Amino acid sequence: MTLLFPATENCAQTTAQKRLTGLNRTVTQTLPKTVKIVGSGGFRGLEAYQSGILISNEGHVLTAWSYVLDSDVVTLTMNDGLKREAELVGFDPRLDIAILKIDVTDTPHFNLDAATTADVGDRILAFSNLYGVATGNEPVSVQQGFVAAKIQLSARRGAYQSPYQDDAYLLDAMTNNPGAAGGALTDRQGRLVALVGKELRDSKTGAWLNFALPIEKLTDAIGRIRAGEIAGASDLTDRPTEPINTGLLGFSMVADIVQKTPPYIDRVVVGSIAAQNGARPDDLIIEVNGQMTASVKDVQKQFRRIDRNESIELTVQRGNRFIDMKLRLGQ
Amino acid sequence: MAIQRTNIILISAIVFGITSSGSFADEETAAEAAVVEESSQPIFDDRPKVTVLQIPSALVDAETDRVAAIQKAVQATVGIFGPKGQGGGSGVVISSDGYALTNYHVVEGCGAFMKCSMPDGVLYDAVIVGIDPTGDVAVVKLLGRDDFPTATIADSDIVQVGDWCFAIGNPFLLATNFQPSVSMGIISGKNRYQYPAGTLLEYADCLQTDAAINPGNSGGALFNENGDLIGINGRGSFEKRGRVNVGVGYAISINQIMYFLDHLKSGRLVDHATLGATVESDDQGVVRVSDVLPTSDAYRRGLRYDDVIVSFAGRKISTVNQFKNVLGILPKGFTPEIVYQRQGEQFNIVVRLSGVHATGQLTEIIDGKPPETPQVPDLPGLPEMPNPETPEQPEESDIETAVDEQADAENQHPYHHLFIKRTGFTNYYFNLQNRDRIWEQFTAIGGSWANQPGRWRISGQIRDAAMADDTPFQLLLGDEKSGIKIGDSSFVLDPAEDFSQQLFPPESGGLLVALHLWRALLVQGPQQFGEVYYFGGLPARVASSHQSDKTVDVLIATRGVTETHFRFNRGNALLQSAEMFPEINSDPCRITFLDYQRDGDLLVPRQIKFDAGFGTPERTLVIERIEFMQKRGEESEK
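Line by line, the protein sequences give chains A and B. Start counting the first sequence at 0; every next residue gets the next number (numbering that gives the first Met the number 0). Start counting the second sequence at 0; every next residue gets the next number (numbering that gives the first Met the number 0).
Bound conformation, chain A alone (with noise of 0.2 Å):
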């Protein structure tokens, strides 16, 4: 007979009331770092809300880089039900999250400098607005389960690969559904483990997965975006006369047809620049010039910014491969 359980020598006496109260003390000490996010959405298939954390005393939301963000007023819920509009600090499209700040000071938050990591087997705990079920000042959704295995995420939704395709918690709760993207998954203590992911299929098998990013993956972009280093939503200045365009590189990207439609190449002039470049018709830019792009209106959006007489820089995704490109008209 093999035993699986570790031994140790602090065997402490747990009482009965101990035992009992553990998850509501953690309960109680978490909602208060958890906020719900409403913004742009509310169509059909598309939910207007989702899930985030109060990850600094200064009022920094870590949630998911989404549809809902890409709107005029993002509002925020507190777990106090107080309501904040958000300003957009910046986004990762490739870990596919986002930094948004409230005005307000000494919050509860999680410090990430204490986040911890997860082994199979452990229980965790998970806090979202799932199906926006808590509605008005009420508190987010808890739930629990344990780490089922640890996997390399490779997961679509719809037709289009997740952009994050790197390791990634998979859980035996019921925990991806509409709304709880961005929410916290916390151990039995309450200390900070991973991201509540979006809702994605698994690429071969098609089954829905429930899943969280580690902490421990997002916290070098966390900072970057904090400190102004990624900047997605940074203001326009210096917009040149004449702005290089799609066209002249010969090029075109797919219809823009959503709020947040992905900056897919749908068609490359033959013998034109970037034809010459290497640029293919399905690959996907995520970034311009060092800005991450996440929509077309993105890649538009810096295109803007950059005189036809300039040197250009693409980043495409190609499969599970990034290739870097420099265009320059009159090649």
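Source of the hints: derived by calculation from the structure; they are not laboratory data. This one's a predicted model, so the numbers in the text were calculated from it and none came from an experiment. Do not rely on the hints blindly, as some may be mistaken.
[To be verified] Result set (SDA-like, lysine to any residue): computed pairs, CA atoms no more than 20 Å apart in a straight line: (1) B:K323 - A:G40; (2) B:K315 - A:G80; (3) B:K323 - B:E279; (4) B:K315 - A:G131; (5) A:K82 - B:V285; (6) A:K259 - A:G80; (7) B:K323 - B:E344.
Place chain B on chain A using the hints.
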């Protein structure tokens, strides 16, 4: 040797418990502390060495507690099937005489009788008792025993988010061997409000759990970690994944059901309450009255447009959903307190809640006829749990035949005498049982008033706190006429005329009518009076400070449009008070019977307090003399 073998079995059971079913309590802590030892002594000489695990007592205790809680809870759980074994769902027995809770949508298509399986392996007959279509609750009665195992009722208001809980029921109708399935999780949220699905099935102030709730779990029990009943599972959020568990299940709180329980046991078609006013909130947590019906009791008590609601039934209100959560768990007829503010001034009122649905409207809805004026907006809600094996919709022409067949089957059912169909009732049999029980208990202690069918002559003093001196009164109550003389003023009531035009004496709200009907009920009894039905229990708001028992049983007696609520004390079975509503949407004359004293074989009140509704001045009839006269016909013979 034998002891060691037992140990090994115990170990494997616990390992299974932790790894596959999740732990009930914080067992991981204890598990981490488990000490592994190599045993040098083989169990059987011809077998290889085995490893023996020393299990910390905390882990064993947690496991033992959980198993005991589940074993206790399972005993009272029920699988519910239609009379021909079709459809199905779950339920739970809450009293040893067989009353069980389930969802309305589980028994909706079952007709009067159903089959109920229990873990003892027996399939019991059951009869429908009462339904609450708005709250999605039904009460059925299992038959054939008076010692059914019962669930222990917990207080669902003290449930906390993060509490362990488990659902026991019949998901996917797996319980073909009558053994239910157990799924475990935590309380994910409380005080949740879920909009009505269609026109009915509103879930207010409900519990949310991540314990797996699947089709077939409907109507089944949600237990806390001690195995005590905290709710009835009835609904999930099923939007995208097909109709299976997605980690969000809702349970109707057991506290809500306890408010409704004896209304449901009355065999009536039970209705929820409305305030007759709507509210809206702003971002600052201020909830204001956005509309109030002039015919509502709230309006008569003073509530107006734009008033700020501070609290409702003792709960602070800062969102519309909180307001709906309070309202949604109370039956029609309850009288909660509202605190509101207007221009900085605070007011406290007690408001009588009326029904959400107009008379007959609920009957039409559940019979499938479209309501003429739907009062519940048809909001896009979440779908209720489907019955997994609901047969396909029959052709229109088949329905009548099916209805006839069902009626025939019900007439031939061995328990057919336990079901009486009547408009406005789920099962009138249970209403008669309760009505007659309350009357028999009252007459057993209060005496047989039927022996005094002649006129009653009562005299004494009217005491009014606002007046220095008492005023003498004389009261004559009879079948053909009643009258009262107060000081020099006389008033005569003609029972053949409209009561609402004879509300004497002034500012009493109709004291003479109320006393006239009081005598009529006492002399004639509920069977002869006219239409008298059992309503259920209500808080004894009208009670004086003498009453320690806070709930009254209410019999409602109607004469024309005049409705009188006779309220019987549950502690001593005596008639405690009556409220006479002369017409629809009117304030009652309330009379309270005090100081009951024995007079021959009768218990007679020596004081009758009266007023014209909540917040109106109280006066008291202090009775000095009461005479029961012979009937006139008999007098003339003498």
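So, going through the hints one by one against the coordinates:
1. B:K323 - A:G40: Violated - the C-alpha atoms of G40 (chain A) and K323 (chain B) are around 27 Å apart, more than 20 Å.
2. B:K315 - A:G80: 14 Å, holds
3. B:K323 - B:E279: 11 Å, holds
4. B:K315 - A:G131: Judged against 20 Å, a Cα distance of about 23 Å means the pair is violated.
5. A:K82 - B:V285: 14 Å, holds
6. A:K259 - A:G80: 29 Å, violated
7. B:K323 - B:E344: 24 Å, violated
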